[in-house]
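Just so you know, the protein sequences line up as chains U and W, in that order. Its first residue numbered 1, the first sequence is counted upward by one per residue in our numbering. Its first residue numbered 1001, the second sequence is counted upward by one per residue in our numbering.
Please keep in mind that the hints were generated in silico from the structure rather than gathered at the bench. Even glycine gets a Cβ: it sits at the ideal position worked out from N, Cα and C. Heads up, a few of these hints could be off.
To give an idea of the interface, some chain U residues facing chain W are shown, with a C-beta separation under 10 angstroms as derived from the structure [stated by the list, open to error]:
no., residue
1, 93
2, 94
3, 112
4, 242
5, 295
6, 298
7, 329
Distance windows between CB atoms, simulated [unchecked claim]:
no., chain 1, residue 1, chain 2, residue 2, range
8, W, 1089, U, 186, 16 to 22 angstroms
9, W, 1251, U, 193, 37 to 43 angstroms
10, U, 130, W, 1355, 50 to 56 angstroms
11, W, 1010, U, 193, 30 to 36 angstroms
12, W, 1062, U, 134, 54 to 60 angstroms
13, W, 1089, U, 117, 48 to 54 angstroms
14, U, 78, W, 1010, 26 to 32 angstroms
15, W, 1016, U, 328, 19 to 25 angstroms
16, U, 2, W, 1037, 55 to 61 angstroms
17, W, 1181, U, 2, 38 to 44 angstroms
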Amino acid sequence: MSDLELITLFVFNIVVYSIPLLYGTCGEIITEKSGSLNLGVEGTMAVGAIIGYIAGCRSNSFLVAILVSFLAASLVGALFAFFTVTLQANQNVTGLTITTLGVALYFFIGKGLSGMGKWPVLSSSDKMVKGFKNIEIPGLSSIKFVGKAFFTHNILVYAGVVMAIVLWIYIEKTSMGLKLRAIGENPAAADSLGVNVNLYKYIHIMLGSGIMGIGGLYMGLNMSGSFEGSNCWINGYGWIAIALVIFANWSTLRAIGGTFVFGFFNTLIYYNGPLANQFPHALGWLTKIPSQFYSALPFIITLIVLILSSVRKNSSSGEPAAKGINYYREDR
Amino acid sequence: MKGFHLVRRTNVKLWQRILFYVIGILVSLVIGAILLSTLDIDPIKYYRQMMTIGLIENKYPEKAIEGLLKIFVPLLIVSLALSLSYRMKFWNVGGEGEFIVGAIIAAVIAFKCSSLPGPLVILLMSLAAFIASGLIGLAVAFLKVKFNTNETLVTLMINYIALYVITYIADTKKSWNFFLDKESARPKFAKFPDPAKMPGIKIGNVNLLYSVIIALALGVIIYFYLKSTKQGYEISVVGDSTDTARYAGMNVGRIVMRTVFLSAALVGMAGAFSASTAATISTSITNNVGWTGVIVAWLSKLSTPGIAVVSLLISVLQYGCQAASVSYGSVDHNFADLLQGVILFSVLVADFALNFRIVRRKEADNV
Chain U
1 MSDLELITLF VFNIVVYSIP LLYGTCGEII TEKSGSLNLG VEGTMAVGAI IGYIAGCRSN
61 SFLVAILVSF LAASLVGALF AFFTVTLQAN QNVTGLTITT LGVALYFFIG KGLSGMGKWP
121 VLSSSDKMVK GFKNIEIPGL SSIKFVGKAF FTHNILVYAG VVMAIVLWIY IEKTSMGLKL
181 RAIGENPAAA DSLGVNVNLY KYIHIMLGSG IMGIGGLYMG LNMSGSFEGS NCWINGYGWI
241 AIALVIFANW STLRAIGGTF VFGFFNTLIY YNGPLANQFP HALGWLTKIP SQFYSALPFI
301 ITLIVLILSS VRKNSSSGEP AAKGINYYRE DR
Chain W
1001 MKGFHLVRRT NVKLWQRILF YVIGILVSLV IGAILLSTLD IDPIKYYRQM MTIGLIENKY
1061 PEKAIEGLLK IFVPLLIVSL ALSLSYRMKF WNVGGEGEFI VGAIIAAVIA FKCSSLPGPL
1121 VILLMSLAAF IASGLIGLAV AFLKVKFNTN ETLVTLMINY IALYVITYIA DTKKSWNFFL
1181 DKESARPKFA KFPDPAKMPG IKIGNVNLLY SVIIALALGV IIYFYLKSTK QGYEISVVGD
1241 STDTARYAGM NVGRIVMRTV FLSAALVGMA GAFSASTAAT ISTSITNNVG WTGVIVAWLS
1301 KLSTPGIAVV SLLISVLQYG CQAASVSYGS VDHNFADLLQ GVILFSVLVA DFALNFRIVR
1361 RKEADNV
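Take these sequences, add in the hints, and give me the full structure.
See the structure below:
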């Protein structure tokens, strides 16, 4: 393999492996903007993934897979909203339980279907295979290096980037987005201006969870839909997504770049060897660093960002002030 | 819900509370039964096997009890420990990480100090784990007190960093790595030398480990610590309102740091106990106890006797699902997690029904 080919492949894989994070992160950003800290990303992604995947295979339709994963995950979001918004339950506990429950449901469904010999194989659904195939963007994909690395991907990669941009415009530039941010900052003030706080929270928690679900589906398809008893498809990405929200400073636009940075470390876990072999002088040290360090880096970086930003108390932070606190109207 | 209005109830009686929770648990079991029947499993048979934790028709029932206690001890200690933080609304969700750190430090002592007599080694292991994990808690609490750093997210990150540290130790076959078995070609954790193994006393056929006795004693100590000491009183005042605590002249920052230190330290000690009981460590040593502990603490409303009862019930659930999975291949221990989640949600609904009344807006205005 030539130098350029290896680097192209490396960058190509960064994109492949990092985009599910973008879905998870954007979903969590829109959730947190409404003032809710949902720690259930991992479980929400798992539920969206497995239900969407099975529905898609059964109906032999990629579109059904996407829609169902969105719907299933947004129902999980509705559960979170019901408990935290309507019943005023603690957000941390509810979120953690959603993760426990979602991952357990994933294994229950997967184990159950495999046990009965009913697990759908991806190759049996030609429309699903076709839907997730890489698409070359005409013109752009023929550019050297850049074309192969960035413009020969499956549809969910492009859709993810577009989604992140659209969400940014929605949050920052529209009047609904302004109300959403107001709720995240000060729900009582937004309420007194006539914004239906609970409705906004429900809609955005469900929307955010639905987006997470599509990211989950992506991860399942990336594993060719093979169910293994011990490891969940999501494999901790939900937690990295929560970390990434902080790194991206609650901006879906920054999340695109942040996703690439975190994806870079994740991909190094597999590519440190090949890269070190190809460039023994420049990158030979890559293999000296244990791969677990690359795995831990997103969390270490987030920890540092968390501490530094709180020490500096910077005012440009996009962190919603009322995040994690339930809004009980009678307490106004 | 226009026209309707929520009113907090103040006079909830204990029997009402228990009744609502029992209903909640029954509803959860029914949901579980429906899920089981979708897999063509007879739920009654499954539940019977689960709740008897494999004691019936078992040649070695004492193994079932020992297995149950191995789940119960760490769960009880971790839930008690986490509840200390939660009483002050400090969201320490770092149980997983603190537990792992405790186990690693305990392993260091186990391998390095094996020439000392047995009880002393175990005491040292527990103490070192206590201090190491406690310092992590102290650091997080310091950041919270000094800079208002979000403790939920910080402890969450520490969980994963600790997980990758133990994975690194588990996978790295190097000469310095005294954690691994020298004989094995593949990286594999070595067994602890004998003095580091948790001893016990034989009661009938059951080998009752000292860790069980210590855990129960700890429950009693924490109960009185919270109820009858000055420090326990301070925790409850800070939990109610930091402003009140400040007006009363309490040093809120110091109380928070002290309590979170204790909370994390006890989780670490539970990690040392688990390592000593298994006589080794592993990357899955926590058995998700850091997460389950949050659920137990919450199900018990942070009440110390409640935690003892609930952690026993959840241990039965977990061990029972493991035992039942021997006969039911398509349902594994994850079913316990599933039920646990459903139970928590049912209890949250029950809580809501207990604490709030829905009344029409008109009525409410008259109140």
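Taking the hints in turn, this is what the structure says about them:
| no. | hint | verdict |
| --- | --- | --- |
| 1 | 93 | holds, 5 angstroms |
| 2 | 94 | holds, 8 angstroms |
| 3 | 112 | holds, 5 angstroms |
| 4 | 242 | holds, 7 angstroms |
| 5 | 295 | holds, 5 angstroms |
| 6 | 298 | holds, 8 angstroms |
| 7 | 329 | holds, 8 angstroms |
| 8 | 1089/W - 186/U: 16 to 22 angstroms | holds, 20 angstroms |
| 9 | 1251/W - 193/U: 37 to 43 angstroms | holds, 40 angstroms |
| 10 | 130/U - 1355/W: 50 to 56 angstroms | holds, 53 angstroms |
| 11 | 1010/W - 193/U: 30 to 36 angstroms | holds, 32 angstroms |
| 12 | 1062/W - 134/U: 54 to 60 angstroms | holds, 59 angstroms |
| 13 | 1089/W - 117/U: 48 to 54 angstroms | holds, 49 angstroms |
| 14 | 78/U - 1010/W: 26 to 32 angstroms | holds, 30 angstroms |
| 15 | 1016/W - 328/U: 19 to 25 angstroms | holds, 22 angstroms |
| 16 | 2/U - 1037/W: 55 to 61 angstroms | holds, 58 angstroms |
| 17 | 1181/W - 2/U: 38 to 44 angstroms | holds, 43 angstroms |
Violated hints are absent here; each numbered hint is respected by the structure.
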